[in-house]
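Given only the sequences and the hints, what does the whole structure look like? Please build it.
In order, the protein sequence lines correspond to chains A and B.
Mind the numbering: the first sequence is residues 633 to 978 in the numbering used here, read in order.
Mind the numbering: the second sequence is residues 633 to 978 in the numbering used here, read in order.
These aren't lab readings, by the way, just hints derived from the structure by calculation.
Among the hints, erroneous ones may be present.
Unchecked claim - To spell it out: a stretch of chain A is covered by chain B in this simulated footprint if at least three of its residues, at any positions, have a beta carbon under 8 Å from a beta carbon of chain B; those stretches are: (1) 823-834; (2) 837-845; (3) 848-858; (4) 881-889.
Just so you know, even glycine gets a beta-carbon here, dropped at the ideal spot from N, CA and C.
There are 2 protein chains.
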Amino acid sequence: MVPTLYWEGDVVMILDQRKLPGKTTFIACKDMRRVIYCIQTLAVRGAPAIGVAAAMGLVLAARAIRVKDPVKWRERFSASAEIMRAARPTAVNLSWAVERMLALADAAPQEVETILAMLRRESELMLAEDIAINKAMGRHGAKLVPKKATILTHCNAGSLATGGYGTALGVVRAAAEAGKRVKVIADETRPLLQGARLTAWEMVQEGIPVAVAPDGAVGAIMDKDLVDLCVVGADRIAANGDVANKIGTFNVALQARRHGVPFYVAAPLSTIDLDTPSGDLIPIEERDPGEVLSFAGSKAAEGSEAINLAFDVTPNDLVTAIITEKGVLKPPYNRSLAAAKAVDKI
Amino acid sequence: MVPTLYWEGDVVMILDQRKLPGKTTFIACKDMRRVIYCIQTLAVRGAPAIGVAAAMGLVLAARAIRVKDPVKWRERFSASAEIMRAARPTAVNLSWAVERMLALADAAPQEVETILAMLRRESELMLAEDIAINKAMGRHGAKLVPKKATILTHCNAGSLATGGYGTALGVVRAAAEAGKRVKVIADETRPLLQGARLTAWEMVQEGIPVAVAPDGAVGAIMDKDLVDLCVVGADRIAANGDVANKIGTFNVALQARRHGVPFYVAAPLSTIDLDTPSGDLIPIEERDPGEVLSFAGSKAAEGSEAINLAFDVTPNDLVTAIITEKGVLKPPYNRSLAAAKAVDKI
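Below you can see the structure in the form of structure tokens.
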């Protein structure tokens, strides 16, 4: 499997997902600015992958600090951390990864060399952990998948959105590995087509049958009884279970409810943000109108504006269950999410 | 305003909408086959425009029949009519236009020259009628629009989808002409982007502010209270008020209901098909997977399939009202649609 990101010596190598499925090229990042560029341009995307990229980027930032005095060093590192935290607003995993690296630096001994080594090790641990978490999530989620099932997903919550294996597609992979006959319907996911470009590519490589559909087709597809369950990832889950995820997810959840199809969210506990009480308080990134107005070598009439919200919020009443590495969480989410996070901290 | 289609001497000129908004070119059709090509490739699209194009195409077919015997002539003409009727399955206006031309030929005197002249006149009348119908629809619909309103629409139900003026966009135009301050949000409408390419173009030309949004954004846009009402066109309305329209319409209607936003359908009575009791009996066209799998010079991974249903069916319980040239029809639709069609026949 093509890695999403990895350390090559002292360089962070990031797969340029904007070029997929046509080309498999990596961007070599030697400083934090380059990692931020990758995050902001969506060369690397997906909440868990952004978290790991942020941790790696902070290692590069830490290494670039030229002062020796530990107090001043920590000040500089904190400043870098805040720049990284602001790279993208919606996925809470970015902030979560930054916090984790900051806490480690604070607790580390005084010697800068030691801190640097610890930060590097932590970034490697986060990558390895992320894959292990996704596999655990996959095992829990696979139990919800019938022996023969067509699973509809939106955007890409796969290996490419994570350190590896994937969240929503981790559930698909685990179900397939458990011998279930799964097919995938991948919403193409405009404007950047992560479903058509990335999810379809991952599934073809895995040998799992996949059909791409326009985002508007979800109602018609469910009318034809083609979908047994929906599984999507998440960028941030509020304390009440409202789920921020790629724009268009809300339509999937609403059609699933209308058609009596289960709608699951697969996300690590790091995506659950107990500090955000409800979805309306999640900051939603607005991106360049050009992503919407340009298409296939053409563009909308001069003078057209665009609405380019990168995410929407699926209200908790439409979420059948949330699949995490610690098990499947059910409503009422205020209780189940808080309990799962409390256990995680022990 | 650029015409959608017109007679130039004995040639049917059809605006090639596949090239919009980049280029304004016309396809000169000298025989019915060329008109069918335009209909099937979506050079001309939109239920009312397809109806008028079919009528014009049948004039070309009629003229090409070389037999003189009136009985044999009518047989040949009927055969051509059936070929035209099969060009696309979902929009009932195609079949409606074919029926109208067949009925005229049946009722006409014996002389072939006379029949030809009558068919030509009928096709001109249908074009003129369509524009008049749309203006009447606009007047009725404009009363439903607040003084200041943002109207969300899907696909293109504008001048380009009709003989002129438009159905859903006719309502927008009439509201603007009545001095109301209207803005439009145009769903881009994948896979063929009729919203981004055509609706935005029409609105820019009209001087009405327009913002294009990905089809997946409708939930997030309504969450932000940006939409006062939705108006869409229709390809076929069943006797019970179920509405077949461009894929993605069902999502708009379902989100509108969730957010308490009125959802209107604007369509001429010719789009109402009392012979089809409910939406599940409307034939839904499936188009080439390549329309979905190719994008922006790239394509989905080799081995991906696609689902490319051209239309979906919005259930009648989600339709606030149906705007026709005879007035605004309300639930229960079984009664109101039948009554409106009965009046129309008198």
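Against the structure, the hints:
1. Coverage of a stretch by a chain is defined here by at least three residues with a beta carbon nearer than 8 Å to that chain's beta carbons; for the region 823-834 of chain A and chain B the count is 6, and the condition holds.
2. A stretch counts as covered by a chain when three or more of its residues have a beta carbon under 8 Å from one of that chain; for the region 837-845 of chain A and chain B the count is 6, and the coverage holds.
3. Residues of the region 848-858 of chain A with a Cβ under 8 Å from some Cβ of chain B number 8, which satisfies the need for three, so the listed coverage holds.
4. Closer than 8 Å: that is the beta-carbon criterion, and the region 881-889 of chain A has 5 residues meeting it against chain B, so the requirement of 3 holds.
Figure legend: structure checked against the earlier numbered hints; every hint is met.
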